[in-house]
Amino acid sequence: MFTSLLARLRRRTRAWARRRHGIDTDPLVLSGRRIYIVPTRLGVAFAAMLFAMFLGAMNYANNLALALTFTLGSLGLMAMHYCQRNLAGMKLASAVCEPVFAGQLAKFRIAVENLAPLPRFDIVMANDHSAAAAVRVDANARVVTEITLPAARRGRLALESFEITTRHPFGLFRAWAYLHMDLHCIVYPRPSERAMPPPPLETDTGGAQDAVKGDEDFAGLRAFNPGDPPSRIAWKAYARGQGLLVKVYAGTAVSSHQFDWDALEGLGVEARLSQLCRWIEDAFAAGRAFGLRIPGTDIPPNVGPAHRQRCLTALALFDEAGP
Amino acid sequence: MSAAQSVARATSPIKRVAPIKQDRPQLSRASLQLLWTTGCFLLAVLPHLSSVRWWIGLLAACAAAWRLFVEIEQRPLPHRLLRSAIAMIAVAATLTTYRTLNGLEAGAAFLVLMGGMKLLESSTVRDLTVVLFVSYFLLFAGFLYNLGLLSLPYMLVAAWLLTATLMLIHQASPMSIAEALRKTGKMLLQALPIAVLMFLFFPRLPGQFWALPAQEKALTGLSDTMSPGDVSELSVSGKLAFRVKFDDNVLPPPRERYWRGPVLHDFDGRTWRRTRYGFVERPLVATGPTYRYRVVIEPHNRNWVFSLDAVTGWPKDLRRTSDYQLVTGNRAISRLSSFTLESSTSFRTAGPLPTVMERADLRLPEGRNPKSVALAKSLRAGVGGNAEFVQAVLSRFRNEKFYYTLEPPRLDTDSVDDFLFNTRRGFCEHYASAFVVLARAAGIPARVVTGYQGGEFNPLNDYLIVSQSDAHAWAEVWFDEQGWIRVDPTAAIAPDRIERGRNAGLTEGDFGTGEFLAGNVAWLKVRQGWDAINTFWNDNVVDFGQSQQRSLLQRLGLDDPGLTELGAALLLSFVAFFAAISAWLAWQFRPRARDPIVRVYDALCRQLGKAGIVRQPHEGPNDYLSRVVVQRPELTAQITEIRALYVGLRYGPALLGSQLSTQLSRFKFLVNQLRI
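In order, the protein sequence lines correspond to chains A and B. Everything in the first sequence is counted per this note's numbering, starting at 1 for the first residue and increasing by one. Everything in the second sequence is counted per this note's numbering, starting at 324 for the first residue and increasing by one.
Only chain A is shown next, with the shape it has when bound in the complex (with noise of 0.2 Å):
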């Protein structure tokens, strides 16, 4: 009862929150004017231990009694300004975010960054779903944050909010910020379990196609992108020197799936989009080159990573207003 009151009062504050400061900024240095501090449950303790110690130094007039229970109050005091010097000044910006499939965690990482000549300590960061582990941030130094939130359906998942917390230096206080940044992560459809059969190759058996990439003849070099697979590096190269190249092979025979919505006849959209989803993984697992085909998008035959990434995305933001 109690605790379902001071989630609602927490929502409440941080809707309040977001309509005082809106979309912040990426990145963002945190002013001390957004942090918000209240004392903890520990820090109410110390609190009523020091109540206890003013009147029992009051009643016996006892004034060295009387003077470590000032010092002590002075230094709680003096907790609460550190507690929040603590968080103030911080620099945060976000990292890339890994693309996930529907029902598994969306990662989002922050950086942490510490502008100031001092250590930072006890920086958490911290949405509804996650926390972060507590982590000290030195002088001039960054450290990258992971906070999660599971992706439920494809598309788009935005991190409404999170918040970055500390309670150093003593647990007396807790000093906190609400952001809002906005970040995304993409979602993939999550890959349909009953794997129906890949259409059939499509083989090309004409000259070699500049567009399509088959694996037989070796057609020259290009550069290294990330994710190339290590197979198809030309060492040689790369031993005289020349940087790091990729071979290209084209084919006569190039073999290729082709994905198509219209294939896929009497299923639903989002099945629809898990079983292409389904296929893409199946073939990019194999190593095999498609091309997909839906409602808007037609992309042609490839392999690769980044070709992948291309297809699930498409395959994630279909429609986006509409499911």
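One thing to keep in mind: the hints can contain errors.
[Stated by the list, open to error] Covered stretches of chain A, going by a simulated chain B footprint (3 or more residues, C-beta under 8 Å):
no., region
1, 22–28
2, 79–86
3, 109–117
[To be verified] No farther apart than 27 Å at their CA atoms in a straight line, the calculated lysine-lysine pairs in the DSSO-like style are these:
no., chain 1, residue 1, chain 2, residue 2
4, B, K506, A, K91
5, B, K724, A, K91
6, B, K724, B, K700
7, A, K91, B, K700
Hints were generated in silico from the structure; no laboratory data involved. Each residue gets a CB set at the ideal place from its N, CA and C atoms; glycine is no exception.
Following the hints, complete the assembly by docking chain B onto the known chain A.
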């Protein structure tokens, strides 16, 4: 976090093997936290060891040792049932010992035990926090006993270590002990000014609003009974009894410095006791000059206020008994207390002696000390009056072989007979006791007065220091014409004791160690200096109260400020102080590159930005500074050199030490010289 660690520890089957290399064994984070918390707890228990029962301290130490053993050997914690059993036995033992938990000593003992028990079961951060909170409270409670000069630094250091440990156990991210100590120390130093301010200006209340029953614990000092050997035993103690400061530094001569304590009437042949009878007070008339003085009494857990004999003026909350002893209401003096009094050393008591009093002060135990009674009767028969009788007894003490000694032999049941006719060696209580018995046997009402005599004057702060070794006993006799007259038989046997101080009258060989050292002038100086510091501490810190606060405010030009003004001033200084702290922290945390090259470049960019040439985020030094040259051609020479230096320093090959420093200083110089 620590819960997870402790789980990991519990499930890990690997036992620590003796390290092959004798390196310092690496303690895990959790072990380190436990170690520090245990250390802090013991530090907080330490001041209580002298006041709680010995086994309580021992139990806490055992609990700490056990917990550390379990941690180092990676054993499981003692079973829950075992822990509960130990806790229950400990509580039961405390309850049976103290019969209550609602008392200072019992409360402290209970806290020590609870802290130890909690430590024994500590595995999470939460548990350790509880132990730390108990330790804070123990530190606080320590002040209810000990207000000495050294207790404040001890407390501050302990509070520092405790708070550093609190920081250490509440860090989820890595932090070294040195960092925690440094940071907490800094925070504590910053917190001190506001604490001092609060201490000085927080309104003090007069009196207690809730009193814990103080444990009636015997402290060194006079008691309300007197048997042979009691006072001489006390005389060995060098402990302070009270300090006195006379107004205008007018002190009575040493032989008049009698400090009155309990008056004893009832005698059973060996021990003197206070009487159960209530007497009607006879007025006391001062016949000489009055002395005004402040007496600062060390806690002795009795309600007696020692005053210069005889007291004529006292504050409202005190009472003078019919024996002319000054007492507080019912409250025992359990902490340092000071009173401003007036006394006159020459006085006369008026009016006839009440019958009840006369009867009480003539009573002798039936059939005891028969030889003394016979002696008194024969002496009285041989002289004309009571005054002559007193003189006869005193001259007997003086002229016959009587000795004044700190180590009198043990006396028989008929102590006075044994003393007068057999041992003849005694301290003040022997002489006072014998004298009163003789006087009563001769039909003169007489009583024993205990208290202190003399005192050591400290020229450094003009205080008279009266210690337990100044404890004394003398007699008072009633003469119908004059009232109560003080007779000090010790003055007859050892006049120097009264004239010059406690050590003067002693027979050779009776010097205690403290007394021996007292002869040393250098040591005397040190002692007086230390006492002066302590007195200052007592007057200005321990005893800082409403009146001191008022005079401080008056010195600051605030005559009689009300609570509202005081509160407002306090609040205002609070706000100002914390605003300053906040600003200082912001300054400390301001973004600064660690690399001096970058720092100087940043300064240059700021300077140029102020002049209107703002560096765009995408601009590197080459692009930016080229643009500057285009916009401000007059700076071409400097900017070009600065650019070359910066690019070389920052992106060029690494330079050797001397080269680096020359280039860097040239770079700094150029940037500083630049006037835009």
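Here is how each hint holds up against the structure:
1. 22–28: violated (count 0)
2. 79–86: That given contact holds, which follows from 4 residues of the region 79–86 of chain A lying within Cβ reach (below 8 Å) of chain B.
3. 109–117: holds (count 3)
4. K506/B - K91/A: With a Cα-Cα distance of about 23 Å, the restraint between K506/B and K91/A holds, given a limit of 27 Å.
5. K724/B - K91/A: Violated: K724/B and K91/A sit about 95 Å apart, past 27 Å.
6. K724/B - K700/B: Between K724/B and K700/B the Cα gap is close to 21 Å, so the pair holds against 27 Å.
7. K91/A - K700/B: violated (103 Å)
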